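Using the hints provided, position chain B relative to the given structure of chain A.
Chains as they are written, first to last, in the working numbering: chain A, 60 to 721; chain B, 5 to 357.
Hint data in this document are derived by calculation from the structure and do not stem from the laboratory.
Since the model is a prediction, treat every value here as computed from it, not as a measurement.
C-beta: ideal position from N, C-alpha, C; glycine also.
Do not rely on the hints blindly, as some may be mistaken.
Here are some of the chain A residues that sit facing chain B, going by a computed Cβ distance under 8 angstroms [stated by the list, open to error]:
hint, residue
1, G276
2, F331
3, S660
4, I663
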Amino acid sequence: MNLRLFVSVLIVLTFHFQMIGQDSIKTLQLVKELSGVTITVNTPEKQDQISQQYSRLDILKYQPQDVGAILQKVSGTTLKSYGGLGGMKTISVRGLGGQHTSVVLDGFVVNNAQNGQINLATIQTDNIENLSLTVGGRTNYLLPASAYTSGSILNVSTFENSFDTSAFQVRLNSKIGSFGELDHYLSVKGIKKNWMIGAYGKYRQANGKYPYSFQNGNSIINDVRSNNDFKDWYSGLNLAYQFSNKTIFRINYKNFGANQGLPGAVVFYNSFSNQRLSTLNNGLNLNLNTEIKRVDFRFFGSYQNDYTKYTDPSFLNSTGGLISRYSNQTTHFGSSFYKLIRYKYTFFGGIDSKYSELKFIDESNALPKRIHTTYLIGSTLNFSKFKSEIQLTGQNVLEDNQLGERALNQNEINPFILLENQEFGSWKLKLNVWYKSSFRMPAFNELYYNGIGNVKLKPEEANQFSFGFNFQPKVRKINLKVILNSYYTSVKNQILAIPTKNLFVWSMQNIGEVHTTGFEARIDLGFQLNEKNRLDLNGNYTFQQSLDFSDKTSPTYKNQVAYIPKHSGNASISYNRKNSGMVFSMFNSSLRYSLNENISSNIIDGFAIFDAGIYSKVNLSNKHDLRIQLTFKNLFNSSYAFVKYYVMPGRSFLISINYALR
Amino acid sequence: MRYVRFIILLLLITSCKKHKVEPSSVDTSNGLKNGMLVLCEGLFQQNNSTLSWVDFNSNEIDNNFFVTQNNRQIGDTGNDLEAYGGKIYIVVNVSSTIEVLEKSTGKSIKQISMITGSVPKQPRSIVFNGSNAFVTCYDGYVDVMDTASLTITQRIKVGDNPEQLAISNNKLYVTNSGGLNSPNVDSTVSVISLSSFQEMKKITVGKNPGAIKVDDQGDVYVIARGNYTSIPSRMVRINSQTDLVENTFSFDASGIEKMGDKFLINYQNYSNSTSSVCLFDFQTETVINSNYISMSNITTLFGIKYNSSTNKIYCLDAMNYTNSGYVRVFSSLGVFEKSYHVGLNPNNILFYE
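Only chain A is shown next, with the shape it has when bound in the complex (with noise of 0.2 angstroms):
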């Protein structure tokens, strides 16, 4: 496998790219409320600073295209973005690498065996009813226990699969944007008497051609991103059957379609690209909730099935190009319970199984299987004045190869641990402080992929311990929270790409080893001016220090582990008078090195990058609502990039209309 071949497997195949120690982390805080969704398989606990949430109020007012564009605005957290419409974006949350974080779609976790994570720019914004990111364990109504073995949680619950009293919905969505963005979303669901159904499907495209500039030497050099153009598309359908109060069956189908070109780095003197990439997942839900001798219960099973084709027509081997096809299979089943005692106690716990196998079609090197089983133990305990919340997680993980050698199998118990008192004062002064052991166990590419897996790859694993408090200091007519943390995390048998037979033979090694301190600071301000007019200021800032502590004796020891900045944060403000408002936000990032040795040749620039929207509703009738904003993305030109040489657009704008049945 020669370097070429493997950077590109590395994006198309959603590796986290951590060459000698890139990559991290982070964490999270939460605050606003729930909308109305009265019937959701997990309806998050109360959030605090462990948890942030963004509702679908968030999500209009930001526009953004995708959940890896939410998750910049959280604190804690690293996006890794490779640009344009559904481009790769990953996250880390603090210091820990995109597979520590768990992806929950309503109820089922979504990260496959192949990856062990997903390119967040698939997960789109338009259906999401809430959005939770939770570091640590908190607990999360039954959620499956294997939700829990990750150092972090990413919750999204949807329209589709909430269901509320109306007996008629409909949300319709339409966007036009810079670079060729069309993107259509409907939505429809009713209830008639206990039956429930529901429809939906999305379209969008783009032609991605967005200009850029960078720097080259002492000059700029001003071009426009080729090969970067995107499709993709979902449908599915939904049915539910409340049989009682406490049980109701659901079942769903979804099928997600994506091409795209991949336009790789801004190559100097050389901006040819042709590699493309095409995706098709089918998934199956099912799922049921109710309630046995006062115990809420949940069981479910799914079946996912995810196809990636990966070409490049331009690879100079004797056939004439590369294709190379992969199908991963999943099938989850499981269930967990939740027991509320005298309304002061929970107990609760789960069991999951996991089945995954993945077929590379084009090489035979390997046909990986994978059976892994997570159960889950925990309880929390309210007293007056403290609470506190214990999980211990399991994980036992078979694997199988039938064409080679396979990895180790697993067996592995970690503990979660939280302590915090009720809030108290008139500031409900909070503190809370928590520690959590996780570890990832490598995914099938790592272990399998041909020429650069490694099965004797052992799991990551990850420590972290936080401390953090939060306080509501009262003025008159503001509505102020602010919301502070620190943390510590580690992370050893970092996963690793370093050379292992030449520079152009990279394979995966457990070399790496970083240590994470970091702070982050959230504040909330929230003016009602009067009835009419209101004010909202957000804030947040994060610092990191997260440091290379592989190898005493390299120059890279104690530097601080590429791509992850020392300083990060989002600003908002947003004004809303009666039906019309606007906002402004801002997203900045100190500088950051593109490999772990901290030297200037190194060094990817800081910047700032500024969104503004304008929006009005118009109220139709009580039943019917409709907004329509318009959004201007990076405002000032700004010229950055979150990866060295993957160039992000430049101003672009988007007008979006939102219809609403309720």
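Positioned in the frame of chain A, the structure of chain B alone reads:
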């Protein structure tokens, strides 16, 4: 609204700025003398190939020499650096260019784009003969370039993914690696007539041929790199009169450098991260010393060069490939003298008297 003004002000203060490349402290205004240019290939898709100028008098280093002289960068993966007829040629693989510079100053004369139609040819290495330069291109050709007009005049079809080339007995020998067909790599050397510019034959030398060197008798030595696991790397000797393989030597090898009437043969063992330099007598075809240089000062031996005017050996140390590298200087007897800190993955040196 004063809050709003305050916040907007705060936001604007934090806007970003373009960074200026620092000017060099090394004085090269009287032309390049008594030093070396070191080509550092950098890493794929990072556009960080660099040229370092090392002044042997002052020991000063300009690690950004190409930008200092030309206000722009080399680009992605500079793979070969050679001088011919008062010019320097840098073969840049991923950017698919050949940078032609004035030898005395390092200033650009021409940048030749190696892209046909829209497909990059990915040039690898260059040699010269008469008024022509020959460039291996990964698309399976050797390009012939006129060194006066600096234009490509002809393409000669060879094997898959040709790497390096050497000239002996009025013939051009090209190693066909076939590396992009891995694991089904090529194992041949193409022989091209320098009269007809036609491929005359292919000689089978062993899997994944790479380095190639000619000795004083006109014999051609080729390293077949094997597959890094079950098939070991081997050096073979081709008789350029008969174009037959006459010897296969039973030691591992990665690269060959000529030092007077001897070869320095370097080997990097990737499975245990050790390296060695062997002194080989090409007249008797025997190994004189299989550990000629102590490797205690070198992390990853990425190449080796000998400079006859200083009579010293220069080892290229790539460290761990992601940290900036070093040139480690040894006496011709293999005694360590000093190190120069250069750019990422140094792979070639051009010496100046």
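The hints, checked one at a time:
Restraint check, G276/A versus chain B: the minimum CB separation of about 4 angstroms is within 8 angstroms; hint holds. With a cut of 8 angstroms, the hint placing F331/A at the interface with chain B holds, because the nearest CB-to-CB distance is about 5 angstroms. Annotation: S660/A was flagged as interfacial toward chain B, and the flag holds, the nearest CB pair being 6 angstroms apart, inside 8 angstroms. For I663/A, the interface hint is violated, the least distance from its beta-carbon to any beta-carbon of chain B being 10 angstroms, above 8 angstroms.
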